[in-house]
Amino acid sequence: MKILVCISNVPDTTTKITFTDNNTQFNTAGVQFILNPYDEIALSRAVELAEGGKGTVTVINVGEVSTEPTIRKALAVGADEAVRINAKPHDAYFVAYQIAEYAKDKAFDMILTGRESIDYNGAKVAGMIGELLDIPSVSIIKKLDVDGTTATVDREIESGKEVITIPFPFVAGTAEGVAEWKIPNMRGIMSARTKPLTVVEPKEVKTLSEILSFETPAPRGQVKLVPADDAAKLIDLLHNEARVF
Amino acid sequence: MSVLIYAENADGKFKKSIFEAVSYAKAIAAQNNTTLVALSIGNVAAAELSALGKYGAEKVLNVSNDKLKSFVNQAYASVIAEAAKKEGSTIVVLSNSFSGKGLAPRIAVKLGAGLSDGAVSLPDAGARFTVKKSVFSGKAFAVVELTSENKVVSLTPNSYKLVETGGNATVEDFTSDLKDSDFKTIIKDIVKATDKVSLPDAELVVSAGRGLKGPENWGMIEELANLLGAATACSKPVSDAGWRPHSEHVGQTGIAISPNLYIAIGISGAIQHLAGVSSSKVIVVINKDPEAPFFKVADYGIVGDAFEVVPKLIEAVKQLKAS
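Respectively, the protein sequence lines represent chains X and F. Each residue of the first sequence is one higher than the one before, counting from 2 in my numbering. Each residue of the second sequence is one higher than the one before, counting from 452 in my numbering.
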């Protein structure tokens, strides 16, 4: 079983988001970058499925050389090898195209992504890779089991979940529930230094979208405090002033 | 040209979020001086289909093929893209639902279209097609320009108002050639959460955190939510501890929601949690710590013990409903 896990390098979850150049660029000064938490869940499940010689796990990242610490982290978690497409990711289509071009002749049985990245929150890459490779894609799965060459997944839906079977090869975006986050041990960290990391130059791709600018949410007004012993007043305010019910 | 809206049904009915997306697509069609065509796939009654006209669809294409009775991501994407081509629709709109998230990227690739996912407002009516979306898990917005000829836009639920234009839609059957290779996935089972309000669709949400001390204390949270017709949610430590299911976890690594009302009980308001709920219209915070960071982004607050405050709220809601 050959598994490809797509990883992205994102600002740490505690990052205060600010912008520079007249709100056109994300301000990376002082920002700690991490392995996207949803991708890390995908990776954790991939490593579990491949354990005991049952398969190999390749991680792929579209990023500049600055993402290599995050790629090494993924190797420390348990991936066997890594690929970096040497480009600044322009948009989801750019990323999906590069990954599909890399994967198309490598016979991966399963391509996993996180459900979305926590920076641009697009949830687009999995579906785009699926379409580019003409294989099934499932967005947002909460469980992933494999039996032979078929996987069974729980797909999240508004009213609960769908249990779906899906033959190899396929693409899926994973969320919490698929696995627990793995913390790399010392052996993993040491071995990550010597695992292969291949750098591949990007293919040319048509630009379909551009981020023109960023905005931060308008600040809310001062909080209106209601005394704890007059909690009923809150219900009155929500009903008559805020009119939310 | 025209604008195509994919009207997803849930058990044969259109949800409010779909009518929002139809209203939104109608406004985009108006910006472009063109018509709005809706596409429905699956078993939907004629009366329900024509209801799409009320929100602006001039024509409804109805696909009622037996093979498409339940959702198949690849096959649905093929049908929607084919309809867009046949109708000459250069703009395709979907709701950014769980199914919409699966479909939109595939449709965009099929049409060579740029995709603006999770739009929160109408595109700019100027010469450039720009759409605003939430980024950094709710900590900011980005204005994205789609530079391609064809465009796909998915709308975040509860971010655009319903607009009734009162028209009637004509309903036409639409058939398309289905490829066997689009039917590789098979739905074995659908497990519905029991009679609860679905969190991603909810207009009102009651959420609780570690301040509740243990899963046995969620009775009053559920009671308050039931009385309000609200969905229940929780913070990450609570779902990590197994007190509540992961599907209730809202925040940066859970789900992002934008209800009309978010009541946070015993949640301090870590930046990761705020990221997932900051686009709620009204935020209420109940916490015994007056320094809890959540109060800084709240509209209403009570500094007090949840175990004393929540029963009073329940009582007050009961009285309001009785009056």
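Just so you know, the hints here were simulated from the structure itself, not pulled from any lab data. Note that this is a predicted model, so its numbers are computed, not measured. Check each hint, because a few of them may be wrong.
What the hints assert, rightly or not - What follows is a set of in silico ranges between Cβ atoms, one per label pair, in the way DEER data are often shown:
no.	chain 1	residue 1	chain 2	residue 2	range
1	X	GLY161	F	PRO666	19 to 27 Å
2	X	ASP81	F	ASP631	55 to 63 Å
3	F	LEU613	X	ASP22	15 to 23 Å
4	X	LYS204	F	GLU673	51 to 59 Å
5	F	PRO696	X	LYS55	27 to 35 Å
6	X	LYS55	F	ASN677	24 to 32 Å
Unchecked claim - Stretch by stretch, here's where chain F covers chain X in the computed footprint (C-beta under 8 Å, at least three residues):
no.	segment
7	14-23
8	66-80
9	93-106
10	196-210
Backbone N, C-alpha and C fix where the C-beta goes; we use that ideal spot for every residue, glycine too.
Consistency of the hints with the structure:
1. X:GLY161 with F:PRO666: 19 to 27 Å: Cβ of GLY161 of chain X to Cβ of PRO666 of chain F: about 20 Å, so the range 19 to 27 Å holds.
2. X:ASP81 with F:ASP631: 55 to 63 Å: At roughly 35 Å between Cβ atoms, ASP631 of chain F and ASP81 of chain X fall outside 55 to 63 Å, so the hint is violated.
3. F:LEU613 with X:ASP22: 15 to 23 Å: violated (38 Å)
4. X:LYS204 with F:GLU673: 51 to 59 Å: holds (52 Å)
5. F:PRO696 with X:LYS55: 27 to 35 Å: With Cβ atoms ~29 Å apart, the hint holds.
6. X:LYS55 with F:ASN677: 24 to 32 Å: This hint is violated: roughly 46 Å between Cβ atoms.
7. 14-23: The restraint on the segment 14-23 of chain X holds, since 6 of its residues have a Cβ under 8 Å from chain F and three suffice.
8. 66-80: Since 0 is below three, the answer is violated.
9. 93-106: Since 3 is at least three, the answer is holds.
10. 196-210: holds (count 4)
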